Amino acid sequence: MAEPLLAVDRVTCRFGGLLAVNAASLTAAEGRITALIGPNGAGKTTLFSIISGFIRASAGAVRYAGADITGEPPHRLARRGIARTFQIVQPFIGLSVRENILVGAHLHHRTRNAALAVADQIGHDVGLGELLNRPADTLTVAGRKRLELARALATNPKVLLLDEVLAGLNPSEVRDFVPVIRDWCRRGITILMIEHVMQAVMSLAEHVFVLAEGSIIAEGPPAKVVADPIVVEAYLGHGAAAKLGAPRER
Amino acid sequence: MVPRQNWGRPVSGDPLLAISDLHAGYGETDVLRGVDLAVGADEVVAVLGSNGAGKSTLNRAISGVLRARRGSIRFAGHTIDQEKPASIVSRGLIHVPEGRRVFPNLSVKDNLDLGGYRRARNQRRQNRERVFGIFPRLAERQSQLAGTLSGGEQQMLAIGRGLMAEPILLILDEPSLGLSPLLVEELFALIHSINAQGVAILLVEQNVVQSLEVAHRAYILENGSVVLDGTSDHLRNDPNLKRAYLGL
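Chains as they are written, first to last, in my numbering: chain W, 1 to 250; chain D, 1 to 248.
There may be inaccurate statements among the hints.
[Said to hold, decoys possible] Where chain D lies over chain W, by a calculated footprint (3+ residues, C-beta under 8 angstroms):
#	stretch
1	138-150
2	163-173
3	229-237
[What the hints assert, rightly or not] When the alpha-carbon atoms are kept at most 25 angstroms apart in a straight line, the in silico SDA-like pairs for lysine to any residue are as follows:
#	chain 1	residue 1	chain 2	residue 2
4	D	K84	D	R69
5	W	K243	D	V214
6	W	K158	W	P73
7	D	K109	W	G17
8	W	K243	D	P239
9	D	K242	W	G245
10	D	K242	W	F15
11	W	K243	D	D233
12	D	K109	W	F15
13	W	K243	W	G220
Please keep in mind that the hints were generated in silico from the structure rather than gathered at the bench.
Since we're looking at a predicted model, the values are computed, not measured.
Quick reminder that beta carbons are idealized off the backbone N, C-alpha and C, glycines included.
Only chain W is shown next, with the shape it has when bound in the complex (with noise of 0.2 angstroms):
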């Protein structure tokens, strides 16, 4: 097993009475795709706010790359190779999708035309060369989407925090947006998803964690935590359970 590039350790966090996270740890693999997934509402993007700094952790550590990273404020931790997508995509309407994948890429380039440079060649590799110059706005959701990844990709990051970027997308669309993602793990970017298309969790993530109620219930590889039965119960239903295990009866 690779050593974790990115680990949370007993992170706790309380908005007002209410226990968001509740003392759970997990960790990412250097170089790997690893898999967040629970039920609505279990605190899984506010654990994915903790880690790239957007909420301070009311207890607990976030170690990365060998160094506590607790509490550090998210523009220090995209310098340092952490950047994560947003659930709802907002791209920069007025702007078009270049100058939108731009605004990621001057993190690390002061002139433009270096800039320019790396928005362009990230905006081809993730499918949307041919729509540089549209208004973002123009954009379909499934345009949208690979947007919002190439915005953070163009951060030249080492730690992606992808918060279900396949969401709102149709089967063929997201058969086309899976190799995009292992595409860049493979280009040695560690990966983080949270994702509630299965079937992409299946075939993209190594390693599970499953969150509910604030606390990991379970964590393995996807085939085991998709049979394991407190995860059918909590979190996938025995429908979709059904379906997954199918392939494996055969």
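Once you've looked at the hints, dock chain D against the given chain W.
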């Protein structure tokens, strides 16, 4: 242009919703280019198609948020294509929009009550309890601000707000977005049971397989036109159709 194909039973009698030759769009572009579609009073009808085909634009035109440029929309015997969204809501045509759109700075309870503002105002209390019965999570969080809910909980709230108006026709635009597999299963069971209580449903979904299980009929939209419509059974069982239009 691909000729339109039809394998479905025709809607008998006067449908609840009848759309004919509908054109609508933004700026100089027509997104919808002559859509014909009908929903019977007892039906669940699915609208399928890739992102950008015009599905959400169709919903916006039906609920009056976007004005139709040509063609007609009739609902329950009235022409509604020139009516304001609020009047359309009063008639019982309720649109649960894509992307949640809850009021983030209002409580869960206030968001629900706003759903029962134009219609069913006197039944708000019972209807709220009914919604809490369907989504117990919302009951637990009823005094919380909607903006502090998780993504999936906001989706539940958006659907619940739609139910507060006691819809005659309920338009659901990607209701399963961001919901866990278990909740998606429950959502489709819910759609079935809402329909069984006499509510017609127009369902726009990316979840093609489950949509075809719950819908009686489906329309497939491509580039702003209906390229195919038929019974769900037919669409489900024809491998060529599935491959060509549904990406399955």
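Hint-by-hint comparison with the structure:
With 4 residues carrying a beta carbon less than 8 angstroms from a beta carbon of chain D, the stretch 138-150 of chain W meets the three-residue requirement, and the given coverage holds. For the stretch 163-173 of chain W, the assignment as covered by chain D holds, since 8 residues bring a beta-carbon within under 8 angstroms of that chain's beta-carbons and 3 suffice. Coverage of the stretch 229-237 of chain W by chain D holds [criterion: at least 3 residues with CB-CB distance below 8 angstroms; count 4]. For the hint linking D/K84 to D/R69, the alpha-carbon distance of about 14 angstroms falls within 25 angstroms, and the restraint holds.
Taking the CA atoms of W/K243 and D/V214, the gap is about 17 angstroms. The hint holds against a cut of 25 angstroms. In summary, the hint linking W/K158 to W/P73 is supported, as the alpha carbons are separated by about 17 angstroms, within the 25 angstroms threshold. Restraint check for D/K109 and W/G17: the C-alpha separation of about 19 angstroms stays at or below 25 angstroms, so the hint holds. Our distance criterion of 25 angstroms between C-alpha atoms is met by W/K243 and D/P239, whose separation comes to about 19 angstroms.
Annotation: proposed proximity of D/K242 to W/G245 holds, straight-line Cα distance about 23 angstroms (limit 25 angstroms). Between D/K242 and W/F15, the direct Cα distance comes to roughly 46 angstroms. Violation of the 25 angstroms bound is thereby established for this hinted pair. Among the hinted pairs, W/K243 with D/D233 is consistent with the structure: their alpha-carbon atoms are about 20 angstroms apart, no more than 25 angstroms. About 19 angstroms separates the Cα atoms of D/K109 and W/F15, which keeps this hinted pair within 25 angstroms; it holds.
Restraint check: the Cα-Cα separation between W/K243 and W/G220 comes to about 19 angstroms, which is no more than 25 angstroms; the hinted pair holds.
Of the numbered hints stated above, the single one contradicted by the structure is hint 10.
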